[in-house]
Every structure is written in C-alpha cells, then in structure tokens.
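*Asks:* Just so you know, we're using the UniProt record's numbering here: the sequence shown kicks off at 1 and counts up by one.
Everything labelled a hint here was simulated from the structure, so no lab data went into it.
Positions of the beta carbon are idealized from the N, C-alpha and C atoms, including for glycine.
Incorrect hints may appear among the rest.
Claimed, not checked - Cross-link-like lysine-lysine pairs, in silico, PhoX-like; alpha carbons within 25 Å at most:
1. K209 to K280
2. K295 to K280
3. K209 to K173
4. K209 to K295
5. K203 to K280
6. K168 to K91
7. K209 to K162
8. K203 to K173
9. K168 to K209
10. K162 to K91
11. K203 to K168
12. K162 to K203
13. K173 to K162
Stated by the list, open to error - Pairwise CB distance ranges, derived in the manner of DEER restraints:
14. Q294 to V121: 20 to 28 Å
15. N223 to P172: 23 to 31 Å
16. M180 to A286: 35 to 43 Å
17. A225 to V121: 27 to 35 Å
18. E86 to Y206: 36 to 44 Å
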Amino acid sequence: MKALLGIVAGAGAFYGIYKLVSGGSFKRNKKSANGESPSVRRSQQSEVTLKPGSLLAKVSGLDVACPRPVDGASGDIIHPSPGNLEPQHLKILLSSLQTINNPFERFQILLTLANAAAFTVNQNLIRELEGIHIIAGFLSDPAAEVRVQTLIALNNLCMNIKNQEQIKVYVPKVLELIEMSPVNSDLQLGALRLLTNLSVTDKHQYLFKESITLLLSLLVVSNEALQVQALKVLVNVSSNPDMMDDIVQAQAPASVVLLFDARTAPAVLLRLLTFAGNLKAWRPSAQVADELRQKQDCLFRVMLDESSQLHSRLVQLLSHPNGEIQAQVARILT
Numbered sequence: 001m002k003a004l005l006g007i008v009a010g011a012g013a014f015y016g017i018y019k020l021v022s023g024g025s026f027k028r029n030k031k032s033a034n035g036e037s038p039s040v041r042r043s044q045q046s047e048v049t050l051k052p053g054s055l056l057a058k059v060s061g062l063d064v065a066c067p068r069p070v071d072g073a074s075g076d077i078i079h080p081s082p083g084n085l086e087p088q089h090l091k092i093l094l095s096s097l098q099t100i101n102n103p104f105e106r107f108q109i110l111l112t113l114a115n116a117a118a119f120t121v122n123q124n125l126i127r128e129l130e131g132i133h134i135i136a137g138f139l140s141d142p143a144a145e146v147r148v149q150t151l152i153a154l155n156n157l158c159m160n161i162k163n164q165e166q167i168k169v170y171v172p173k174v175l176e177l178i179e180m181s182p183v184n185s186d187l188q189l190g191a192l193r194l195l196t197n198l199s200v201t202d203k204h205q206y207l208f209k210e211s212i213t214l215l216l217s218l219l220v221v222s223n224e225a226l227q228v229q230a231l232k233v234l235v236n237v238s239s240n241p242d243m244m245d246d247i248v249q250a251q252a253p254a255s256v257v258l259l260f261d262a263r264t265a266p267a268v269l270l271r272l273l274t275f276a277g278n279l280k281a282w283r284p285s286a287q288v289a290d291e292l293r294q295k296q297d298c299l300f301r302v303m304l305d306e307s308s309q310l311h312s313r314l315v316q317l318l319s320h321p322n323g324e325i326q327a328q329v330a331r332i333l334t
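Work out the full structure: start from the sequences and follow the hints.
*Replies:* Below, the structure written as structure tokens:
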C-alpha cells in the first residue's frame, strides 16, 4: 500500500510534496497561533519529484508542480481534480489514516480527503466506505491542526444530506471543541461552520437545544468572523418555532443587547437583527411570559421583556447609515 501511494512512505515524502504544492500551513513552531501545542516535530526532509499522472499526484488533491524536462519542452502545472479519484484511492487513504502515527501525515491525508469531499461522488463514496466515522475519530487528535482539518473534511461531507445522518452524532463533541478551544481559534471557527451546515434544516436543530447559551456567549467575546458564524447558527435554529421555548429560556449574557449598536460591524448587526426579528415573532401566552420573567438572566428577560433595553437601542438604529439595517429595524418595530 505504501509503495502504491507513496503518500504514507514517511514524513520526508509528505513534507516534500507539501512544500512543493501548498507552501505549508501545518505549523512547525512550538505553539500555534491559537496558543495550542501540537508538539509535532519533523525530521530532516528532502524534496520529492512527482511524476505527472502518478497516483501520488492524483490523490494529493492539490496543484502539483511538475519538474521541467531536460529538453525544457514542458513546464506546465498539472491540476489533478479530486473529483476524479477512484474508489480504491479513497479506500487506501482511509486505511492509511487509521495506521499512521505521524501527525503531519494525518494532516496531509485529511487535507486530501477534505478536498475530495467537495465533490458529491466522493461524498457518497466516503460514506459507503465508512469513512465518516474514521475521519470523525480525529476530532480528538492531540494536534490542533489535525482537529481543524478534520472539521473541514466533515464540513464538506456535511453538504450531503445522507452524510448528515452520520455526522450528527458528533455534535456533542463539536460543541465541546468550541467550549474548550481558545477564543477566536481556527478550531472554534471550523466547528461553527460545521454546525451551521447541520442547522440549515430543522431536521437536526433539536441537537442544539443545550448549546444556545454557549452560542450567545460567543457573541460577546469573539471577533467578527466568529460572531457571524455563531449568529448563522442562531438564526437557523430560531427560524424553527419548535425551538423557541428552549431558546428564550436559555441563559444569556446581559451584554448581548449592547451589540445592537451602530459601531457593531454591519455583517454582525444584520444577522443579529434577523435573530431578534425571529424572537420578536414569537408570541408567548401571558402565563408563559410571567414564568419566564422569574428566570434569572434568561434570553427572554434580556431581549424580549418590557424591561429590556433592546427596544430603545432599536429605535436608535433607525438612523443607521446602512439602508438594509434600517429596513431590518423598521420591520422589527412594526
């Protein structure tokens, strides 16, 4: 198998390919940008020559720079398509993934599988080969970069409805990654992207009932990219009336209402207004509203109760320079 692929022949071959085709995103430093320590060391490596049309070039899923022939007749760049991978290629990659101990090699195979999973035919093949469960097993990998690449692969696989049935069982683990990872890390962003795709339809939204507080907390501590991604999930689940009881009862930081401000990034504010509009469309009975008022720090009290600051802040946003934001606010207030 190793002789056939060339992909698992050792870190030297992998690193040579990686430098040749991608410039290298797997960090060598002791700590990653997210403050995590993958403790990955590479031995001295040498560049490898990729033969155009070889299986190694084909399964790399990346642009492969081919050496110029002696006569200089061709210096073309070969662009192998991950969509052209055959079932045996995917089977070998998945088998190799389970036996390799080097984290850099695991990262590279996961990168290849993630690229391949962008194609419907490969999404189906990976599922049929039990590849989803194999890939998801690396959500617990010690190396942060491997966990990130696992999330990317699962996210691509999640574009397939049948695959979602298998991926949904890993939602608790993905939520744990968000909670335990450094704020604004690639791990949090990758996890939220996966949850966004899983929450598009109401079929799996029940899985997010216990995560509303976590998502609301991210809004007040995260950067714009994570705020947008967390709001995409919140907008998705709040569009489902069956989820509303759980959403309004969830504990929410009081400071979330402060985001309804002209200084908030428009991309965040627009989604925040959509979320607020979904909440405002919910009409509880007087008895339910009275019960919710007794719950300390619940989202109902923070954003929907008469005592909330939200109404006054929305009025101020009517003069926002962004016309789309003005229109959103007007719809909520009318």
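*Asks:* Checked against the structure, which of the hints given earlier come out wrong?
*Replies:* 14
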